[in-house]
Structures are given as structure tokens and as C-alpha cells.
Amino acid sequence: MRKYILRRLLLFVPSLFGASLLIFVLLRLVPGDIAEIIVYQAGAESSAIQQKQVAQIRAELGLDRPVLVQYLAWLGNALRGDLGQSYIQKRPVTEIIRERFPRSLELAFLTLVVAVVWAVPLGVVSAVRQNTWADYLVRVVSISGLSLPIFFTGVMILWALVRFFRWLPPFEFVSFFDDPAENLKQMVWPTLAQAYYISAPIMRLTRSQMLEVVRHDYVRTARAKGLAERAVVYRHALANSLLPVVTFVGWWGGRLLGGIVIMEIIFSVPGMGTALVQAVSNRDYPTVQAIVFVMALVFLTLNLFVDVIYGWLDPRIRYA
Amino acid sequence: MTLAPEAAKGDDFMRRLALAIAILATLALAAPSAPAQETPRPGGILNWYVYGDPGRLDIHLESPLSVQQALAGIYSGLLHRDPADPDKIVGDLAERWTASPDGKVYTFHLRKGVKWHDGQPFTSADVKATLNRVLNPDSKSPRCGSMLKPIVAGVEAVDPHTIQIALKFPAAPFLEYVASAWCVIAAKHVLDKHGDLSKPEAQIGTGPFKFKRYERGNVIEWEKNKDYFRPGLPYLDGVKQFVLVGFPTQLAAAKAGRIHLWDTWPPMKRTDADELKRARGDEVHVYQVAQNTIFLAYMHTQKPPFNNPDMRRAVHLALDRQELVAKALEGAGVPCAVFDPKLSGDFALPLAEVQKMPGCRQPKDQDIAEAKKLVEKHYPNGVDVEAAVRSVGNYVDRAQLVLSQLRKIGIRGTIKTYESAAGFAVFGKGDFVFLPTQDRAMVTVDPGDLFSLIYTTNAGSNWGKWSDPKVDELTERGLKETNREKRKQIYWELQRHLLSGAPSAVPVAWVEGFHFVDKRLRGYKWAPTVYDNNTFMKVWLQP
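If you read the protein sequences in the order shown, they are chains A and B. Using the numbering used here, the letters of the first sequence map in sequence onto residues 1 to 320. Using the numbering used here, the letters of the second sequence map in sequence onto residues 1 to 543.
Calculated directly from the structure, the hints in this document are not laboratory data. A couple of the hints might just be wrong.
Stated by the list, open to error - No more than 25 Å apart at the CA atoms, straight line, and that leaves these computed lysine-lysine pairs for DSS-like:
no.	chain 1	residue 1	chain 2	residue 2
1	B	K465	A	K90
2	A	K185	B	K465
3	B	K193	B	K168
4	B	K488	A	K52
5	A	K52	B	K212
6	B	K149	A	K52
7	B	K488	B	K104
8	B	K104	A	K52
9	B	K240	A	K90
10	B	K212	A	K90
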């Protein structure tokens with residue numbers, strides 16, 4: 001098991017390197033750099049001065065150097081723990097990440113917990129009571145969760161809160177550790193919207209896995225032994241159905257950090273997603289680079305975690 | 001009985017007096033009683049919103065509205081728009097000012113006893129440091145600098161409370177530029193210490209509010225400056241600006257009563273305003289207002305097919321601005337005008353004249369027939385163009401409407417969308433053929449701004465690379481002409497020239513939008529530009 005984890009950890013290095021290189025190149029392929037955006041967006045100075053200013057800003061930020069040189073310089077600094085200064089906020093990007101990361105992490109964590117707590121039991125009920133009204137209801141709920149765009153759900157929640165209660169969650173972010181009640185007042189709504197969206201596939205996956213497992217011989221044997229139905233379903237069937245669900249949840253967990261951006265925008269949560277969107281639209285390269293790097297790291301770590309659980313649950317994977 | 005002449009005189013006087021009293025009494029009874037002057041109540045926090053995170057806070061070096069809004073109450077200018085009557089320019093840090101007889105030297109006499117928020121005294125050295133900063137040819141100052149650099153020759157501090165600004169020539173819009181919310185005065189000692197004004201800790205002003213807190217991406221907070229140089233002001237204890245990026249969130253905040261006013265970008269559409277009125281009824285005052293923003297369609301004059309003036313003229317003739325305003329702006333706009341009379345007053349060509357000109361008149365049949373002929377002359381089978389559009393707001397919908405109108409004359413467009421910032425970069429470099437829709441906001445209401453921003457050969461937003469010596473010459477004359485009537489004639493000539501010619505940027509409409517003010521908020525007046533009169537120094541909240 002140790003060897004397995006070590007091998008997976010070693011795979012982190014090329015993956016992170018690849019992610020950083022990819023984002024570095026992709027960012028430079030998008031039209032416009034920060035110098036052009038700042039100068040042309042204002043569009044006020046004469047055209048000759050604008051060209052001079054673009055060159056001046058590029059020189060100040062080192063963007064006039066070849067891309068490879070820029071990348072190697074960034075990589076060298078990153079290896080020493082310096083992820084650079086934000087062009088826009090003029091402060092170290094590590095500070096931005098320290099500020100924003102816990103907020104997005106909290107939202108992602110709450111989303112996953114709510115989605116799993118809600119979706120797995122409903123998936124089980126749907127499978128156990130196949131083709132009953134309960135099954136149909138769960139399937140309708142899950143299909144609507146899959147088909148409604150996430151921004152629509154978020155906006156509908158806002159609309160309903162204003163329409164029926166003339167109330168909105170707070171706009172001012174308060175840390176959970178400073179004021180848990182105020183924090184949850186803001187976080188619960190994006191959590192519900194996002195959890196509704198991702199719970200749909202979890203529900204369906206749990207249902208289909210359960211339907212497959214309950215038809216296996218060992219489940220029939222458990223029943224024949226006279227075990228209570230609850231024990232058969234939860235101890236035998238569900239435990240063996242959860243493997244793909246665990247993988248899926250782990251994969252979603254990794255995606256969530258960047259995927260909750262729409263909820264962050266709608267519910268005014270100043271997290272990593274909004275910081276990333278702002279940095280991309282301003283071509284704040286160091287900030288984008290650092291946030292994507294952290295997101296890739298979280299994604300890889302969660303995947304490793306899932307793989308380890310998988311290996312622990314199924315020894316065949318460990319030795320493959 | 002005859003009265004003595006003196007007695008007759010006295011009798012006549014008494015009669016007239018009685019008559020005057022009777023008339024005054026009648027008038028007093030008939031006239032509606034004037035509303036009692038409300039006494040402002042101090043206290044309370046104004047809740048406001050800003051559409052995006054400002055990021056860097058250097059008001060002299062940045063250009064987004066979000067930056068100006070984040071700092072509006074923190075700084076003062078030499079001059080500003082009167083909060084009680086925003087059409088008037090009055091002194092702020094300058095108590096009074098005089099101009100030399102030749103109009104080339106302005107002397108500003110500064111208020112005494114003004115303190116910066118950190119307690120340091122304000123002097124003319126601060127004004128000199130600020131102006132030298134924005135006038136520095138090597139500094140990027142896209143708002144204040146770009147206005148003042150072409151006209152200011154030098155700045156001299158005569159004594160600690162007097163500053164003299166020498167102009168290169170007598171410039172008509174000089175005071176308008178000095179009063180701009182972007183030309184506020186920063187502290188020399190702060191500039192010396194921090195190098196620039198980018199960071200929150202450098203926000204030391206002389207304005208009615210102090211910069212209290214900036215939670216990036218979340219909230220900006222000001223608190224009352226108790227040492228403000230206008231005794232008794234401000235009335236509010238503070239102002240909170242929530243960073244609300246999504247339009248649905250902004251509208252929900254308005255409907256739930258979480259913000260007291262909406263006077264910022266983007267304005268509400270008519271349907272949003274109706275929704276707000278339904279939700280809040282009598283609690284809010286919703287109004288339609290000119291945004292000092294022009295909706296343009298750009299063509300690149302150095303790329304086919306629009307390097308041909310006939311093709312540009314054809315577009316001008318074919319565009320049905322009335323339809324575009326009705327459908328794309330929900331009726332909130334002034335079609336075809338080069339200037340909006342609501343903003344530019346009599347500098348704007350009378351709308352009655354504009355609406356009769358080819359391209360602007362209704363019905364469109366004759367103009368479309370003529371436009372079609374112009375296209376057929378050069379492209380008998382019609383022509384395909386790529387239409388570049390920033391994917392913001394309803395720009396793509398607007399572009400589709402424009403292209404559907406041009407299809408009638410044989411110009412077939414395919415839309416290519418750009419992310420907002422990428423669009424500016426692409427357009428600024430001139431990497432496009434046709435931009436069916438692009439709004440440009442003016443910084444002041446001076447009529448010269450539009451031409452020096454968009455139409456002169458060296459204009460910063462002359463993206464279509466148009467060059468017309470007559471426009472350059474008239475714009476230059478307009479800038480230097482101090483006689484108002486003569487100036488008006490120059491701008492009328494410019495407007496007629498644009499509307500009868502083939503410019504690269506076709507004026508489609510002046511944009512209007514909807515704002516609201518919570519009725520508990522008193523003393524607020526909308527200024528002619530979105531940047532002005534948002535210090536809230538005289539605004540107060542009724543409990």
C-alpha cells in the first residue's frame with residue numbers, strides 16, 4: 001500500500017508541471033494581454049501614446065520576454081515557493097489564495113456533504129422500491145437536477161427568497177470561525193443549489209449500482225439466511241454499490257473548487273472561483289497561474305485519496 | 001367735497017395698498033403651499049453596490065468606473081459639480097478662482113485649514129504634486145491625464161494656498177476637466193510614501209468620508225470624516241458598497257431593499273425597472289436617465305469592404321436607428337443623434353433637424369434603396385463581412401438586429417464573439433472589419449470629448465483608423481474657441497459633417513437606462529455623468 005501511495009505521489013510532479021505549462025501557454029493564446037486591456041479599454045489617450053504605454057507596461061511586467069523565458073522564470077520562483085505578485089492587486093498571489101481558498105473549500109465541502117447525505121439514501125430508496133411512486137419521484141428529482149442549468153437554479157433561489165420572504169442572504173462574507181450562524185446564512189443557499197445539481201448523478205449512480213448488486217447471489221443468500229431487510233440493503237448491498245459512487249464524488253470534489261464559481265457570483269461569496277474569473281478577464285497571469293496550480297493540486301490530491309480508498313476497498317487494484 | 005391734493009394722494013396710496021394686499025392674499029391662497037424644508041438627519045449607513053471588484057485603487061492611473069466609485073467620497077477636487085445642482089460647477093478645495101484676461105492662466109485660491117484624513121495639512125504642494133503626476137508624459141493617466149495633458153502647459157504653487165495653472169491656449173473645457181471626478185487631489189506625502197495610490201492604505205483624502213475597509217471581491221466601506229472641511233457634513237455615518245458582480249444578484253438586492261440606490265453601471269432595462277416597481281411599489285423612485293454613453297457601429301477604414309467610403313455611407317443610410325432603439329434598448333435612447341440634447345444642451349444639433357437627415361429619417365425606403373445602389377456599385381453580388389462583438393450585456397442581440405438590417409442592402413455578416421476584455425484588446429489594435437455594436441461612455445459632458453475620443457485621427461478610440469482633416473480641424477477649433485455661440489456653431493458643423501459623410505463610427509443612439517432611489521434617501525441628485533456627484537456629502541437617510 002505504501003509503495004502504491006508513493007508511486008501515485010510521484011505522478012503528482014509531471015501532472016502539476018503539465019497543468020502549469022498548459023495554463024501558461026493557453027493564457028498567452030487568448031487574445032489580449034493585461035497591457036493591451038488596460039490601455040485599450042480606456043481608449044482615451046492618443047493612439048501613438050497608447051502603443052507606447054502598452055510597450056511600457058509589458059516591459060514593467062516582463063511580458064516583453066520570450067514566453068519560454070517567462071515560464072522558466074515563473075517555474076523557478078514557484079519552486080522556491082514564490083508564486084509571484086498579482087498585476088491587479090499588487091500583492092503576493094499566495095496572500096490571495098490564503099484569503100480565498102478556505103471560502104471555496106468550505107462551500108465545496110458543504111456541497112459534497114449535503115449532496116451525499118441527500119442523494120445516496122434517495123438512490124437506495126429508488127432502487128429498493130423500484131417502479132413505485134417513490135422511485136418515480138426520485139427519478140424526476142434527479143432528472144430535473146441534471147437538466148436545469150446551475151445558474152438557473154441559483155437565480156430561482158434568489159428570486160424565490162425575494163418574492164416570498166423579501167429576504168436575501170448576507171452579501172458581506174463572514175468567516176465560519178468568526179460567526180458560524182452568519183456564515184451559514186450566506187453559505188446554505190449556494191450549497192443547496194450546487195448540491196441539487198451534483199446530487200442528481202450521485203442519486204442515479206447509487207440507484208443503478210444498487211439495482212445491479214441486489215440481484216447478485218450473495219444478496220439472495222443473505223436474505224435466505226434470514227437477515228433483516230435493512231441489514232441486507234445497507235450492510236451488504238450498499239457497501240458494495242458505493243465504489244463507483246466514491247470515485248464519482250471524489251472526482252466532483254476536485255472539480256468543485258473551480259466549478260462553484262457561478263454560485264460564488266450569484267450569492268456573492270468571494271472565493272477562488274470569482275478570483276479566477278476576475279484574474280482571467282484582466283489577464284492577471286500570476287494570479288491565474290497560481291489559482292489553477294492550487295486547483296490542480298487539490299484535484300490530484302482528492303484523486304489520490306479516492307484511489308487509496310479504492311485500493312483499500314479492492315486489493316485487486318493495489319496489485320494491478 | 002374736494003380733497004386737498006395731499007389728502008387725495010394719501011387716499012390713492014391707501015387704495016393701492018389695499019389692492020396690493022388683496023392681490024397678494026389671493027395669490028397666497030391660490031398658490032400651492034411650498035413643501036416645508038426638511039431638516040437633514042445625521043446618521044445611518046448608505047448601502048450601495050459596485051458592479052465589479054476595483055482591484056487597483058489608483059484613481060489617477062486607472063479608468064474603470066468601479067475604481068472611481070470605490071473612492072468617490074474619499075477625495076476632493078479643486079472644483080466639483082454642485083451636489084445640490086449637479087449641472088453647475090462650483091469650488092471644492094478651491095474657494096474661488098480667476099482667469100487671466102487672455103484666458104491662459106487660471107489662479108485657484110485654496111481653502112485654508114483643510115486636513116488630510118491622517119491629520120496632515122492640505123496645501124498647494126499637494127495640488128502641484130497631483131497635477132504634475134497626471135501631466136507626466138511618461139505616466140499612464142487615462143482619464144484626468146488624457147484630458148489635461150493636451151491643454152495644460154505648467155503648474156505653479158504661488159504660496160501654500162494659491163496655485164496657478166498655465167494653459168497652452170485658452171481652452172473652453174478646462175474648468176469642466178478640472179471638476180471631473182477623476183481629477184481629485186491626492187496628498188503629496190502619501191504619494192512620496194507609497195509611490196502610487198494602488199493600495200487601500202494609500203487612500204488618504206480630504207473628502208467627506210474616510211476609507212475604512214476593503215474586503216476584496218466583497219465589500220468596500222467608508223466612514224464619516226468628522227474633520228471634513230464643510231462643517232456639519234457629511235450627514236451619513238458611512239457608506240457600504242457591496243461588490244455584486246451578477247446582474248440577477250444586483251436586481252435581487254434592489255428588490256429586497258438591500259441597497260438604497262442604483263445609479264451605477266449597468267443601468268436597469270425597462271423590464272427590470274418594472275419588476276422593481278412591482279416588488280417595492282411606493283418605496284422607491286424609479287427614473288429613466290441619459291447615460292452619457294453612445295452606441296456606435298464601427299467600420300475599419302483601411303480594410304475592405306469599408307475602406308470604400310461608399311460602403312460606409314451605405315451602412316449609415318441603411319441602419320434603422322429608430323428600430324434599434326425600440327428593440328435593442330427597449331425604447332430608452334435617442335436615435336441617430338451625434339449629441340443627446342439632454343446632456344449637451346444646445347451644442348446638440350436640434351433633433352428635428354437630425355431626424356430629417358438621410359440615414360436618420362423615417363420611413364427608411366428611400367435610404368435603403370440608395371444604400372443598396374451604393375453596395376451594388378461595388379459588390380454586385382453583395383459582400384460577406386465578419387462582425388466582431390464583445391459578448392457582454394445584450395451586444396449579441398443588438399449585433400443580430402444590425403446585421404439583419406444590413407442584409408437588406410447586400411451586406412451579409414457573420415458574428416464572431418469575443419470575451420469582454422479580449423474584445424477591447426482586439427478592437428484597440430484594429431484587428432476587425434466591422435463592429436456592429438459598441439458603447440463608449442463620455443467622461444464629461446463637454447461636446448469636444450466625443451470627437452477627441454472617437455473621431456479625430458489620433459483619438460484613442462478611433463479604432464476604425466479614420467482620418468478626416470475637416471474633423472481634426474474643427475475639433476481643434478472647438479477646443480480653443482471660448483465664445484459659446486461660436487463654439488456651438490463649430491459643433492453643429494461637425495455633427496452635420498458626420499451625419500452627411502462616411503465616418504468609421506456610425507452613431508446609432510445615445511443610451512438611456514433606468515435607475516432607482518429609495519425614498520428614504522434624501523438629498524441625492526443624479527449628475528450628467530455616472531462619475532459625478534457620488535460623494536454623498538449632502539445625502540441623508542430618513543429613518
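Worksheet item: Is it true that the CA of K149 of chain B sits at most 25 Å from the CA of K52 of chain A?
Response: Between K149 of chain B and K52 of chain A the Cα gap is close to 16 Å, so the pair holds against 25 Å.
Worksheet item: Is K488 of chain B close enough to K52 of chain A, meaning Cα to Cα at most 25 Å?
Response: violated, 35 Å
Worksheet item: Regarding the pair K52 of chain A and K212 of chain B, is the alpha-carbon distance no greater than 25 Å?
Response: Violated: K52 of chain A and K212 of chain B sit about 36 Å apart, past 25 Å.
Worksheet entry | Hint consistency between K212 of chain B and K90 of chain A [alpha-carbon to alpha-carbon, up to 25 Å] | holds, 19 Å
Worksheet item: Hey, K240 of chain B versus K90 of chain A, does the alpha-carbon distance stay inside 25 Å?
Response: holds, 23 Å
Worksheet entry | Pair hint outcome, K465 of chain B versus K90 of chain A [Cα-Cα no greater than 25 Å] | Cα-Cα ~34 Å, so violated.
Worksheet entry | 25 Å limit on alpha-carbon distance, applied to hinted pair K185 of chain A and K465 of chain B | violated, 53 Å
Item to complete: Below or equal to 25 Å on CA atoms is what counts here, so check K104 of chain B against K52 of chain A.
Response: violated, 30 Å
Worksheet item: Is the hinted pair K193 of chain B and K168 of chain B satisfied, with a Cα-Cα distance of at most 25 Å?
Response: violated, 32 Å
Worksheet entry | Satisfaction of hint between K104 of chain B and K488 of chain B, Cα-Cα up to 25 Å | holds, 21 Å
The structure is inconsistent with the numbered hints 1, 2, 3, 4, 5 and 8, although it conforms to all the rest.
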